[in-house]
Amino acid sequence: GDSVTQTEGLVTLTEGLPVMLNCTYQTIYSNPFLFWYVQHLNESPRLLLKSFTDNKRTEHQGFHATLHKSSSSFHLQKSSAQLSDSALYYCALRTGNYKYVFGAGTRLKVIA
Amino acid sequence: EAAVTQSPRSKVAVTGGKVTLSCHQTNNHDYMYWYRQDTGHGLRLIHYSYVADSTEKGDIPDGYKASRPSQENFSLILELASLSQTAVYFCASSSGTGTLEVFFGKGTRLTVV
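Top to bottom, those sequences are chains X and D.
Quick note on numbering: my numbering labels position 58 of the first sequence as 58, and the sequence is numbered without any gaps.
Quick note on numbering: my numbering labels position 11 of the second sequence as 11, and the sequence is numbered without any gaps.
Because the hints were derived from the structure by calculation, they are not lab data.
The beta-carbon is built from N, C-alpha and C at its ideal position, and this holds for glycine as well.
Warning: the hint list may mix true and false statements.
Derived lysine to any residue pairs resembling SDA-like cross-links, with alpha carbons at most 20 Å apart [to be verified]:
id, chain 1, residue 1, chain 2, residue 2
1, D, Lys-106, D, Val-88
2, X, Lys-109, D, Glu-101
3, D, Lys-106, D, Asn-28
4, X, Lys-50, D, Glu-101
5, D, Lys-11, X, Ser-44
6, X, Lys-99, X, Ser-3
7, X, Lys-78, X, Gly-9
8, X, Lys-50, X, Tyr-29
9, X, Lys-99, D, Pro-61
10, D, Lys-11, X, Glu-43
11, D, Lys-106, X, Ala-87
12, X, Lys-99, D, Asp-62
Computed list of chain D residues with no C-beta within reach of chain X, every gap over 12 Å [what the hints assert, rightly or not]:
id, residue
13, Gln-6
14, Thr-15
15, Gly-16
16, His-24
17, Arg-44
18, Ile-77
19, Glu-79
20, Leu-80
21, Ser-82
22, Ser-84
23, Thr-111
Selected chain X positions facing chain D (Cβ under 10 Å, derived; list incomplete) [as the list claims (entries may be wrong)]:
id, residue
24, His-40
25, Pro-45
26, Phe-52
27, Thr-53
28, Leu-88
29, Gly-103
The following block holds chain X by itself, in its conformation from the complex (with noise of 0.2 Å):
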């Protein structure tokens, strides 16, 4: 069935250092949907970025993504951690019967 991978449950960095969060999917939907979600201490989730096309990178907010459909993944970047970016973050897959699969979760932690 349809799946999504967050391998890391705890990121911890230091403040100015790069974020890569991983996510990787399966699916058998050939066109899949790729979000990643960003949930704050005691929020909901809200989208952070998404993509549909492969090999083409999506910005918002100072982070980005590049969906590679050769090796399924969808990971998430940044060049420089913030500490207001501490929070939980989700990548998601929407599957061809409009249900959205997510992962386990990251939670990233940026330390001073």
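Given chain X, put chain D in place with the hints provided.
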């Protein structure tokens, strides 16, 4: 900004009791979803619906029922609440076209004792 409203925002229920979580959206979205959030498991889909009077099972439907009496309203029903159903529940909606963004409600914290 899309609006999804959940009620109640928190609830304490007794084991074996019936619990109904309600969700209302004003965005004219066709798709509505119920997720539960647990540490280490992320967001898991319980039920979803793409049209009024019809619901579909998600990935973890056991112990839950859903009802979509209108396009705007989507309820999650726990007929016999159990301790393992203690979690935060999120309702969400999506148009199915356009931006494809899923909009979440603020969540309901359910504690079963």
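Here is what the structure says about each hint:
Under the criterion of a C-alpha separation no larger than 20 Å, the hint pairing D:Lys-106 with D:Val-88 is consistent with the structure, at around 10 Å. With a CA separation close to 26 Å, the supplied pair X:Lys-109 and D:Glu-101 exceeds the 20 Å bound. Between the alpha carbons of D:Lys-106 and D:Asn-28 the distance comes to roughly 18 Å, so the proposed pair stays at or under 20 Å and holds. Straight-line distance between C-alpha atoms of X:Lys-50 and D:Glu-101 comes to about 9 Å, which keeps the hinted pair within the 20 Å bound.
Among the hinted pairs, D:Lys-11 with X:Ser-44 is consistent with the structure: their alpha-carbon atoms are about 17 Å apart, no more than 20 Å. About 11 Å separates the Cα atoms of X:Lys-99 and X:Ser-3, which keeps this hinted pair within 20 Å; it holds. Annotation: proposed proximity of X:Lys-78 to X:Gly-9 holds, straight-line Cα distance about 18 Å (limit 20 Å). With a C-alpha separation of about 17 Å, the suggested pairing of X:Lys-50 with X:Tyr-29 holds against the 20 Å cut-off.
Under the criterion of a C-alpha separation no larger than 20 Å, the hint pairing X:Lys-99 with D:Pro-61 is consistent with the structure, at around 14 Å. Between the alpha carbons of D:Lys-11 and X:Glu-43 the distance comes to roughly 17 Å, so the proposed pair stays at or under 20 Å and holds. Note on D:Lys-106 and X:Ala-87: the hinted pairing holds, with a Cα-Cα distance of about 16 Å set against a maximum of 20 Å. Annotation: proposed proximity of X:Lys-99 to D:Asp-62 holds, straight-line Cα distance about 17 Å (limit 20 Å).
The claim that D:Gln-6 lies off the interface is violated: its Cβ sits roughly 9 Å from the closest Cβ of chain X, which falls inside the 12 Å cut-off. Non-interface call for D:Thr-15 relative to chain X: holds, since the shortest CB-CB distance, roughly 27 Å, exceeds 12 Å. With a minimum CB-CB distance of about 29 Å to chain X, D:Gly-16 clears the 12 Å threshold, and the non-interface call stands. The Cβ of D:His-24 sits about 15 Å from the closest Cβ of chain X, beyond the 12 Å cut-off, so the non-interface label holds.
A cut-off of 12 Å between C-beta atoms contradicts the statement that D:Arg-44 is not in contact with chain X; the least separation is 7 Å. For D:Ile-77, the shortest C-beta to C-beta distance to chain X comes to about 20 Å, beyond the 12 Å cut-off, and the non-interface label holds. Its beta-carbon lying about 24 Å from the closest one in chain X, D:Glu-79 satisfies the requirement of being farther than 12 Å from that chain. Against chain X, the non-interface label of D:Leu-80 holds: every CB pair exceeds 12 Å, the least being about 26 Å.
The claim that D:Ser-82 lies off the interface holds: its Cβ sits roughly 22 Å from the closest Cβ of chain X, which is beyond the 12 Å cut-off. Listed as a non-interface residue, D:Ser-84 keeps its Cβ farther than 12 Å from every Cβ of chain X; the least gap is roughly 18 Å. With a least CB separation of 16 Å from chain X, D:Thr-111 remains clear of the 12 Å interface cut-off, as annotated. The beta carbon of X:His-40 is not positioned within 10 Å of any beta carbon in chain D (closest approach about 12 Å), and the interface hint is therefore violated.
The closest approach between the C-beta of X:Pro-45 and any C-beta of chain D is roughly 5 Å, which is under the 10 Å cut-off, so the hint is satisfied. This hint holds: X:Phe-52 has a C-beta 8 Å from the nearest C-beta of chain D, less than the 10 Å allowed. Interface restraint check: X:Thr-53 against chain D, minimum CB-CB distance 13 Å, threshold 10 Å, status violated. Hint on X:Leu-88 holds. Least Cβ distance to chain D is approximately 9 Å, under the 10 Å limit.
Among the interface hints, the one on X:Gly-103 holds; its C-beta lies about 6 Å from the nearest C-beta in chain D, closer than the 10 Å criterion.
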